[in-house]
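The listed protein sequences derive, respectively, from chains A and B.
Quick note: the first sequence, position 81, residue 81 per the numbering used here, numbers continuous.
Quick note: the second sequence, position 74, residue 74 per the numbering used here, numbers continuous.
No lab work stands behind these hints: they were computed from the structure.
One or more of the hints may lead you astray.
[Claimed, not checked] Computed cross-link-like contacts, BS3-like style, restricted to lysine-lysine with a CA-CA straight-line distance of at most 27 Å:
| no. | chain 1 | residue 1 | chain 2 | residue 2 |
| --- | --- | --- | --- | --- |
| 1 | A | Lys79 | A | Lys106 |
| 2 | A | Lys106 | B | Lys16 |
| 3 | A | Lys76 | A | Lys104 |
| 4 | A | Lys106 | A | Lys145 |
| 5 | B | Lys71 | A | Lys144 |
| 6 | A | Lys25 | A | Lys76 |
| 7 | B | Lys71 | A | Lys145 |
| 8 | A | Lys145 | B | Lys9 |
| 9 | A | Lys70 | A | Lys25 |
| 10 | B | Lys9 | A | Lys104 |
| 11 | A | Lys76 | A | Lys106 |
| 12 | A | Lys106 | A | Lys40 |
| 13 | A | Lys95 | A | Lys76 |
| 14 | A | Lys145 | B | Lys16 |
| 15 | A | Lys79 | A | Lys104 |
| 16 | A | Lys95 | A | Lys145 |
| 17 | A | Lys70 | A | Lys106 |
| 18 | A | Lys104 | A | Lys40 |
| 19 | B | Lys12 | A | Lys144 |
| 20 | A | Lys95 | B | Lys9 |
| 21 | A | Lys101 | A | Lys144 |
| 22 | A | Lys40 | B | Lys16 |
| 23 | A | Lys104 | A | Lys145 |
| 24 | A | Lys70 | A | Lys40 |
| 25 | A | Lys25 | A | Lys95 |
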Amino acid sequence: MIMSEPATTPDPNTPAGMLEGDLVKRARRGDLHAYDELVKRYQERIYATIYHMTSNHEDANDLAQEAFIKAYSALKSFKGGSSFYTWLYRIAVNKTINFLKQRKNKFHLSLNDIDFNAEHDPDLMALISDKTPTREVGLSELQKKLNEALLRLSEPHRMVVVLHDVQGQSHDEIAEIMGCNIGTVRSRLFYARQQLQGHLAEYIKP
Amino acid sequence: MNQSENNFKDLKNLLKLKRHEVPPPGFFNQFSDGVIARIREGESRGAGSFAERLNDSAPWLVRFLRIFEAKPGVIGGFATSLCLLLLFGVVLAERSESGPQNILTASSGQADSLVSSPSLASATTPEFGSADGGIAISTNASLQPVASVFGQPSGAASLFQSASFAPAH
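Excised from the complex, chain A in its bound form (with noise of 0.2 Å):
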């Protein structure tokens, strides 16, 4: 017979298996080891939002950890009001809009690479076009396509795509994220959704 190994479930006298609340009362009080299990809880989610924001991995890298050395640092004046995610992602998101204003229409893509399961995608794979060679250049081609379109996009309305049709991100959250109302949201989304179709016209089926 043989014997499952049981679940692990993590100490709740370690930073790992601390709630989110107990983790942030500890940064305040300059535990860094608290706050280094809140940036390995947030990191993945913080680097994406940005990076495709930027388009460029460096950047991407860059603004990252400055927003969660900002949230260190500002993490006297977190009043609790909203979730400590949803304060982080306020921080990384306006860090950077403010990034992207400064370097205004100077771009310069430095873009991931696509991970295995992407061909795996029945979605993505029947938007591919019959005439591509092989299906990597076409996900290639198809990823520089889009990532251009993307960057045509106003800060505001790109960040409104990024949260919502890439990240998941609920009306509600994108709101409080971006400090605007759900009415704004929604009219951002449907203009960026309308100006990307626009100019991926040519890989998206009428």
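Use these hints to put chain B onto chain A, whose structure you have.
Below, chain B without anything else, positioned relative to chain A:
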């Protein structure tokens, strides 16, 4: 809204591709270490050096203080000029207080020369005006004794002519 969602179905499928873009392998294993290292670096820098904090808050002051680095002659000259300026200010203030008196003191010499002329003297001062004696009172303020200089009794008071209450002959 459902209609518009359907309109954008292909676009949403295309945007799925963004979710498959991944950073280099192992990137997130080192990411938090980098953040924590930068926070520690910032804390040690902020707590360790007063000069750097001063440089951040008042760079003009740091630039000014750097003028004196390894230049004792410059700082000596600056200190001397400050002392001279202070001394000049004190003297000027003292003169402005005693200025009118000095002017009148200087004019008293002219008055003495005028006194030597009997016609004028008799016309201007009661001392010479009364032939039968009496008290001669000088109304010249500059002839009043100065009690002190810088708040202390001073020998300078003797330089001034004291009021005469002697009977005139």
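Outcome of the hint check:
The suggested pairing of Lys79(A) with Lys106(A) is violated, with an alpha-carbon distance near 37 Å, which exceeds 27 Å. For the given pair, Lys106(A) sits about 26 Å from Lys16(B) by alpha-carbon distance, which is consistent with the 27 Å threshold. Restraint check for Lys76(A) and Lys104(A): not satisfied, since their Cα atoms lie roughly 33 Å apart, outside the 27 Å limit. Distance restraint check for Lys106(A) and Lys145(A): the Cα-Cα separation of roughly 17 Å lies within the 27 Å cut-off, and the hinted pair is therefore satisfied.
Taking the CA atoms of Lys71(B) and Lys144(A), the gap is near 61 Å; set against the 27 Å cutoff, the hint is violated. Between Lys25(A) and Lys76(A) the alpha-carbon distance is near 10 Å, which keeps this suggested pair within the 27 Å criterion. Between Lys71(B) and Lys145(A) the alpha-carbon distance is near 63 Å, which puts this suggested pair outside the 27 Å criterion. Annotation: proposed proximity of Lys145(A) to Lys9(B) holds, straight-line Cα distance about 18 Å (limit 27 Å).
Among the hinted pairs, Lys70(A) with Lys25(A) is consistent with the structure: their alpha-carbon atoms are about 17 Å apart, no more than 27 Å. Annotation: proposed proximity of Lys9(B) to Lys104(A) is violated, straight-line Cα distance about 31 Å (limit 27 Å). Of the supplied pair hints, the one linking Lys76(A) and Lys106(A) is violated, its CA atoms being roughly 36 Å apart against a limit of 27 Å. With a CA separation close to 31 Å, the supplied pair Lys106(A) and Lys40(A) exceeds the 27 Å bound.
Between Lys95(A) and Lys76(A) the alpha-carbon distance is near 19 Å, which keeps this suggested pair within the 27 Å criterion. Proximity of Lys145(A) to Lys16(B) is assessed by CA-CA distance (about 14 Å); at most 27 Å being required, the pair is judged to hold. For the hint pairing Lys79(A) with Lys104(A), the CA-to-CA distance comes to about 33 Å; that exceeds 27 Å, so the pair is violated. Of the supplied pair hints, the one linking Lys95(A) and Lys145(A) holds, its CA atoms being roughly 25 Å apart against a limit of 27 Å.
Under the criterion of a C-alpha separation no larger than 27 Å, the hint pairing Lys70(A) with Lys106(A) is consistent with the structure, at around 25 Å. Among the hinted pairs, Lys104(A) with Lys40(A) is inconsistent with the structure: their alpha-carbon atoms are about 31 Å apart, more than 27 Å. Of the pairs offered as hints, the one joining Lys12(B) and Lys144(A) holds, with about 16 Å between alpha carbons and a cut-off of 27 Å not exceeded. Proximity of Lys95(A) to Lys9(B) is assessed by CA-CA distance (about 31 Å); at most 27 Å being required, the pair is judged violated.
About 22 Å separates the Cα atoms of Lys101(A) and Lys144(A), which keeps this hinted pair within 27 Å; it holds. A hinted pair counts as satisfied when its Cα atoms are at most 27 Å apart, and Lys40(A) with Lys16(B) qualifies at roughly 24 Å. Proposed proximity of Lys104(A) and Lys145(A) is supported: the alpha carbons are some 20 Å apart, at most 27 Å. For the hint linking Lys70(A) to Lys40(A), the alpha-carbon distance of about 16 Å falls within 27 Å, and the restraint holds.
Among the hinted pairs, Lys25(A) with Lys95(A) is consistent with the structure: their alpha-carbon atoms are about 24 Å apart, no more than 27 Å.
Hint compliance for this structure: hints 1, 3, 5, 7, 10, 11, 12, 15, 18, 20 are broken, all remaining hints hold.
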